[in-house]
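**Q** Starting from the known structure of chain C, fit chain F onto it as the hints suggest.
Listed below are the residues making up each chain.
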Amino acid sequence: MRLRPDFERTLRRYVLGDLDEGLRVELEELLLTDPDAFEALGVVEDELVEEYLDGTSPAPERRKLEERLLISPERRRRVRLVRALRDRANADQQPRAEAPPARAEGVRPVGWRLAWIETVAEWLRPARWQPAWVAVAAVLAVSLVGNAWLLSRYEMQGLARTPGQQTVAAPPGPQGDSDALNRLQARLEREQQDRAAAEARAKALESQLGRPRTSVATFALAAGLLRSGGSLARVTVPPDAVLVRLRLELPEDGHPLYRAALHDPDGAEIWAASRLRAVREPGQAAVVLTVPTELLPRGDYQVKLSGLRDGAEPEVLATYPFRVGAS
Amino acid sequence: MSAPLRPEQFDTLLHRLGPDRELGGRRYEQLRRRLVSLFDYRGCAHPEELADETLDRAARRLEEMGSEFVGSDPERFVYGVAWNVARESFRRRSTVPLPEGWEGQAPAEPPGAEDEERERVCLDRCLDRLAPAERRVVLGYFEGEKGARIRRRSELAHELGVSLNALRLKIHRLTGRLRECVVRCTDQGGGAAGAALRGARETTG
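Protein chains in written order, with this note's numbering: chain C, 1 to 327; chain F, 1 to 205.
None of these hints come from the bench; they were simulated from the model. Built from N, CA and C at the ideal position, the CB exists for glycine as well. Mixed in with the good hints there might be a few duds.
Stated by the list, open to error - Some chain C residues judged to face chain F by a derived CB distance under 8 Å, without partners named: (1) L32; (2) F38; (3) L81; (4) L85; (5) E249; (6) P251; (7) P297.
Okay, chain C solo, but in the shape it has when bound (with noise of 0.2 Å):
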């Protein structure tokens, strides 16, 4: 069993999405081929689970549980059996007319009613970003670089491998098992340290400068399906950017809340925004939403926009189809 500490840690981070890729790619790789280690993933799922019921986790870590472990039916459904367990557990402890309240106090309501959705699109607000700089992170990069230059020097042969590869290093069984995981959180360790390192060098150096690393682009929409000429309004998303702000200009203004919801070309709703308030600027009004530029690859997608009221079913009010073409 691979419930060590530093192993849950690793977990942890992969659960909460702070690993970096290429320990990331690694880590998949294990969590596929060892089933110890991937039943040692459903435990830290299953803690970080109760973490979240009992409204322990941090801000921040409770923010990506809800982005990351939530979002997927399954998890949820593992959310709602810990919570009936518990109330069970307890209401077989007591007698249950004297029970006390099914829910535990502290105990804030499950994501799944899309709360998290607002709680994200909260976070993702720019103001909660940390400044950063644009060379700072090409500093970054090179100092990574260099990093993974020298770990590759320590690295044993099968840690290098690329994920398709199909030759097997070592021959499978807990031994081999048991050498990879040592030398991913060896690896791991060392990342760390230079990862400290490279930040507070970032830390430092954006004190002296002062550019965003974080860039934010900002397009806007108008309300119908194809622009005059029959094209998709289009929307290209530089490089450097981490969000993208959609504003939606406003056929009407007459709600006092608004729901934003994009969907892929599937139909399939990506990401949505509750409770958003309109902006209203001389001569119209608009809605904006925020949204990860990694949920925008290539590709068609629409915003369907709702007028929300108290006591009244949402109210679809206009689509906005876009395309992301190509920085």
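**A** Structure of chain F alone, referenced to chain C:
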């Protein structure tokens, strides 16, 4: 659209995964579950379909390769295939044109109070079908609030003579079985928890 998997292709994969068909089948299910989880964490749409596509493709390829397949670990081979499938899915997703008169579908609704109640009824039934000792452990584990619950878990581990980590693992396996039982029970309208739990016991572990 690829052709359906032929039985001999499927058998080739099972044979690679286990010494006999039954063990191979169990490993196939476990591998599929892991694939679904990884696709899910990668943010792929329809992770279950991608997991099936990966396994089908791996089975076809393994049959084509026959004795030329030199790796001793088919799971690593499947991982390589999964990587390609994930990449293709992202590419596919970004190039699908917007159909004429396209209207987005309504997002899936979260389960309502009635669904949750049905799940709770099923959970009760599934718990009742556990062995008494298992039921006591799982309810004891989730008993109490925060600090009291942590103390209770230490006591429970002590009573069982196992480490806290071993207890966590045991609970993970038990709740996995319960979850599968509850899903089957709700799918069957809430009346077949016994059969559902037996089924869950067969597919996990």
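**Q** Give a verdict on every hint.
**A** Here is what the structure says about each hint:
no.	hint	verdict
1	L32	holds (5 Å)
2	F38	holds (5 Å)
3	L81	holds (5 Å)
4	L85	holds (4 Å)
5	E249	violated (19 Å)
6	P251	violated (17 Å)
7	P297	holds (4 Å)
Against the hints set out earlier in the document, violations occur for numbers 5 and 6.
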